[in-house]
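Protein sequence lines, in the order shown, are assigned to chains A and B.
All residue numbers for the first sequence refer to the working numbering, where the first residue is 1 and numbers rise by one.
All residue numbers for the second sequence refer to the working numbering, where the first residue is 1 and numbers rise by one.
Check the hints yourself; a few may be wrong.
Unchecked claim - For the chain A half of the interface with chain B, some residues (derived, Cβ under 10 Å), not all of them:
1. Leu111
2. Asn174
3. Thr178
4. Met180
5. Val183
6. Pro184
7. Gly190
8. Val191
9. Ser237
10. Asp265
11. Arg267
12. Ala269
13. Arg282
14. Pro283
Claimed, not checked - The list that follows gives simulated cross-link-like pairs (lysine to any residue, SDA-like), each with its CA atoms no further than 20 Å apart:
15. B:Lys52 to A:Ala108
16. B:Lys52 to A:Ala73
17. B:Lys52 to A:Arg87
18. B:Lys76 to B:Thr90
I should point out that these hints are in silico values taken from the structure, not numbers from a laboratory.
Even for Gly, the Cβ is constructed at its ideal location relative to N, Cα and C.
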Amino acid sequence: MNEAIRFIVDVASLGSLYALMALGLVLVYGILRLVNFAYGELIMIAGYTLYLLSGSPLPWLVMAACAVVAALAASVLTERVAFRPVREKSLTAMLITSFAVSTLFQNAALLFISPRARLVPLPDLFSESIVIGGMLFFVRELLAIVVSISMLVLFTALLNRTVLGIALRAAADNFRMTRMLGVPANLVIGVAFAISGFLAGIVALFWLGRTASVMPGIGLEPLIVAFVATVLGGMQSLVGAVVGGYVLALMTVGINTFLPQALVDYRQAFTFSLVILILLFRPEGLVRGK
Amino acid sequence: MLELKDVHAQYGAIVALRGVSIHVAEGDLVGLLGANGAGKTTTLLTIAGVIKPSRGEITFRGVSLAGLPPEMIVRKGIAMVPEGREIFPTLTVQQNLRLGAFIRRNRVEYRHDLEEMGELFPILGERMHQSAGTLSGGEQQQLAIARALMSRPRLLILDEPSLGLAPRLVDQVFRLIARLRREGMTILLVEQNVIQTLRIVDRAYLISMGQVEMSGTPEELKRHVDMESVYLGATVAARGGGQGRGAP
């Protein structure tokens with residue numbers, strides 16, 4: 001029984017982060033058909049913002065807010081500076097641009113900060129654990145669940161209740177028609193990048209919280225996770241991204257839990273084999289768009 | 001009101017416009033006829049700002065539309081009901097209509113127009129909170145028209161509104177268009193359904209191979225063109241082009 005609860009909590013906390021990451025990626029993909037490969041670097045930027053603020057007397061929550069804002073600003077800025085000029089040209093041009101932006105950010109971190117890992121400040125709460133019903137839980141895990149689910153609820157409300165949110169959903173479904181109704185392309189794309197960056201910033205706090213450090217290549221794993229989760233869930237739908245995130249977490253935690261110790265090092269291979277298998281049977285992902 | 005002068009345009013590599021000139025006067029209901037692949041939709045997409053003309057002029061109420069993106073065209077007062085309706089199936093009926101009114105800021109007017117649409121299209125009024133994807137083809141067509149009207153356009157452009165509808169619903173759509181016209185709306189109607197279109201329009205253009213082949217009142221067109229050939233052209237184009245739409 002206890003092990004089952006532990007398993008569920010693990011899946012829920014990892015899955016919530018995966019879902020947020022996937023959502024940030026699919027939001028931009030839905031509108032532009034662009035897989036933003038610079039998405040992982042937003043997490044890196046949030047991490048370095050925390051690191052750079054670590055000597056300051058600011059309370060941690062303020063630092064965290066700054067980190068989230070930095071990721072959001074970086075996302076919006078890359079759209080303005082890098083993606084917008086090539087948007088009308090071709091999808092390939094945008095894709096290559098996203099690789100360029102990713103490389104640029106990573107190299108900037110290498111050059112101006114350090115190739116080695118840097119410690120990021122974390123609140124004491126992150127390393128504490130509490131006992132509930134005789135079981136030990138990391139506060140960080142529970143916080144990740146609560147914050148992620150609040151984000152999902154907030155995000156759902158935004159998409160359903162506000163005109164801008166409705167326009168975003170419409171644009172993800174049929175961008176041309178949405179523009180013909182008068183919704184400016186730059187507005188929806190800008191907002192999509194802003195939300196994408198915001199989600200990356202929130203994810204970064206918990207993602208970095210696991211190792212308490214940041215380095216130039218830190219964005220790669222979350223990018224792959226987000227990408228696999230969206231492909232798994234279905235690239236055409238926002239719900240799919242969330243479903244994909246939780247399913248991927250279920251597979252990851254499941255493999256970690258049930259795989260014999262000798263094979264745990266190969267867990268990525270097992271996870272991706274499972275992903276390939278699922279996609280063989282459902283190439284359009286678990287949740288069909290439209 | 002709307003004036004196209006010698007408009008040339010490329011759409012992918014297939015359908016091109018080779019000098020299209022069209023005039024729509026205020027209050028008119030003008031038809032744009034032609035076979036499948038003649039360039040009707042390309043003409044509309046060029047007006048809507050989706051396709052940039054390579055040559056020629058498009059003016060609306062005396063102002064050039066050249067180089068304006070789609071989101072600005074609708075602000076000039078041109079609303080589009082595209083081919084295939086293109087409603088947003090995952091949004092509710094009301095959300096679709098809300099986006100139709102995106103360019104308008106006045107909330108009171110929006111509420112008023114929303115109610116009016118509910119009266120003009122009772123089916124939509126009953127299903128405001130249902131997702132649009134659950135509507136039937138005819139209901140989706142009504143929604144597409146209602147959505148366009150929500151922007152309070154000066155010119156309404158309809159691209160094959162009768163396509164894929166049962167005959168009874170086709171009549172209903174044509175009656176609606178005639179009614180909107182009587183109420184003072186300026187309309188540009190693209191259709192393959194030649195007979196019914198000529199019954200309600202003031203003037204019509206016959207397009208073929210990206211050019212205007214003939215224009216005039218319905219009587220003039222009927223006198224000079226064998227309307228059967230327009231149908232035949234459509235049938236042949238549909239078969240040859242393999243677009244799978246079949247004959248009208």
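Checklist entry - Within a Cα-Cα threshold of 20 Å, do B:Lys76 and B:Thr90 meet the stated pairing? => result violated, 28 Å
Item to check | Interface hint status, A:Met180 versus chain B (Cβ within 10 Å) | outcome: holds, 5 Å
Next on the checklist: Restraint: A:Arg282 near chain B, CB-CB cut 10 Å. Satisfied or not?
Outcome noted: violated, 20 Å
Checklist entry - Taking the least C-beta to C-beta distance, is A:Pro283 closer than 10 Å to chain B? => result violated, 21 Å
Checklist entry - If you draw a straight line from the CA of B:Lys52 to the CA of A:Ala108, is it 20 Å or shorter? => result Status violated; Cα separation ~39 Å.
Item to check | Status of the A:Ser237 interface restraint (C-beta, 10 Å, chain B) | outcome: holds, 8 Å
Checklist entry - Is the hint on A:Leu111 kept, meaning its closest Cβ partner in chain B is under 10 Å away? => result Hint violated; A:Leu111 Cβ to chain B Cβ min 39 Å, cut 10 Å.
Item to check | Hint check, A:Val183 versus chain B [nearest Cβ-Cβ separation less than 10 Å] | outcome: Where the cut-off is 10 Å and the nearest Cβ of chain B is about 5 Å from A:Val183, the hint holds.
Checklist entry - Hint check: is the beta carbon of A:Pro184 less than 10 Å from a beta carbon of chain B? => result holds, 5 Å
Item to check | Hint check: 10 Å Cβ-Cβ cutoff, A:Ala269 to chain B | outcome: This interface hint is violated because 36 Å lies over the 10 Å limit.
Next on the checklist: Interface hint check: A:Gly190, Cβ to nearest Cβ on chain B, cutoff 10 Å. Holds or violated?
Outcome noted: violated, 13 Å
Next on the checklist: Let's test the interface hint: is any C-beta of chain B closer than 10 Å to that of A:Asp265?
Outcome noted: With a minimum Cβ separation of about 42 Å from chain B (threshold 10 Å), the hint on A:Asp265 is violated.
Consistency note: the structure conflicts with the earlier hints numbered 1, 7, 8, 10, 11, 12, 13, 14, 15, 16 and 18.
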